[in-house]
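Colleague: Sequences and hints are given; from them, build the entire structure.
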Amino acid sequence: EPEVTQTPSHQVTQMGQEVILRCVPISNHLYFYWYRQILGQKVEFLVSFYNNEISEKSEIFDDQFSVERPDGSNFTLKIRSTKLEDSAMYFCASSSRPNEKLFFGSGTQLSVL
Amino acid sequence: DAKTTQPPSMDCAEGRAANLPCNHSTISGNEYVYWYRQIHSQGPQYIIHGLKNNETNEMASLIITEDRKSSTLILPHATLRDTAVYYCIFHGFGNEKLTFGTGTRLTIIP
Numbered sequence: 001e002p003e004v005t006q007t008p009s010h011q012v013t014q015m016g017q018e019v020i021l022r023c024v025p026i027s028n029h030l031y032f033y034w035y036r037q038i039l040g041q042k043v044e045f046l047v048s049f050y051n052n053e054i055s056e057k058s059e060i061f062d063d064q065f066s067v068e069r070p071d072g073s074n075f076t077l078k079i080r081s082t083k084l085e086d087s088a089m090y091f092c093a094s095s096s097r098p099n100e101k102l103f104f105g106s107g108t109q110l111s112v113l
Numbered sequence: 114d115a116k117t118t119q120p121p122s123m124d125c126a127e128g129r130a131a132n133l134p135c136n137h138s139t140i141s142g143n144e145y146v147y148w149y150r151q152i153h154s155q156g157p158q159y160i161i162h163g164l165k166n167n168e169t170n171e172m173a174s175l176i177i178t179e180d181r182k183s184s185t186l187i188l189p190h191a192t193l194r195d196t197a198v199y200y201c202i203f204h205g206f207g208n209e210k211l212t213f214g215t216g217t218r219l220t221i222i223p
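In the order they appear, the protein sequences are chains A and B. Numbering-wise, the first sequence is residues 1 to 113 according to our numbering. Numbering-wise, the second sequence is residues 114 to 223 according to our numbering.
Derived from the structure by calculation, the hints contain no laboratory data. Please note: incorrect hints may appear among the correct ones.
Stated by the list, open to error - With a straight-line cut-off of 25 Å between C-alpha atoms, the simulated PhoX-like cross-links for lysine-lysine are: (1) B:Lys-182 <-> A:Lys-83; (2) B:Lys-182 <-> B:Lys-165; (3) A:Lys-57 <-> A:Lys-42; (4) A:Lys-42 <-> A:Lys-101; (5) A:Lys-83 <-> A:Lys-57; (6) A:Lys-101 <-> B:Lys-182; (7) B:Lys-210 <-> A:Lys-101; (8) B:Lys-210 <-> B:Lys-165; (9) A:Lys-42 <-> B:Lys-210; (10) A:Lys-57 <-> A:Lys-101; (11) B:Lys-116 <-> B:Lys-182; (12) B:Lys-165 <-> B:Lys-116; (13) A:Lys-42 <-> A:Lys-78; (14) A:Lys-83 <-> B:Lys-165; (15) B:Lys-182 <-> A:Lys-78; (16) B:Lys-116 <-> A:Lys-57; (17) A:Lys-57 <-> B:Lys-210; (18) A:Lys-78 <-> A:Lys-57; (19) B:Lys-182 <-> B:Lys-210; (20) A:Lys-78 <-> B:Lys-116; (21) B:Lys-116 <-> B:Lys-210; (22) A:Lys-83 <-> A:Lys-42; (23) A:Lys-42 <-> B:Lys-116.
Modeller: Right, here's the structure in full:
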């Protein structure tokens, strides 16, 4: 079965540094998402992306966050200046149509020290 | 906020059917009921979805009440690998994002 791949699986960074989390969605999918899960808490929606623009974002997704599809295969989440509270597991997901089932990657565990 | 209500935890004996309930009294006519699960800290995994008819696939069955205010996910022969947190979520037109609640932590007992 096709899958969403995320790299790296673990990322450790210092507070204030920029990080880029990378995702390769399923190849024929057009809708892309980022979610995150702080340890012990719920999975939270961050942003959805379609046709090279953000279609919806949550309150968490402030000016420190950005997303990009730099080429035909990658989808990235950038955090400009990381804070301690950004430590979480970040999941990328994709779907072929809106409101269809989402395929999630295995996540990137981000630790901000 | 999650609009679904699920029991926080359930146990099921290995080999038996696991029946996970979900109440969703505020679901609207164009919203589907989706079930996902999360094994340990892995990414959520799609299981099944339905609008108003019962559905079955290779993983599970979904029973939706006629008034659509509740549903039950059935894992027919639970295995240890089915131990996970199971989420019941609305998803429909005009509502792209998935809103995860706290789900049901299902533990399969040998």
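Colleague: Can you give the numbers of the hints that this structure goes against, from lowest to highest?
Modeller: 1, 14, 15, 20
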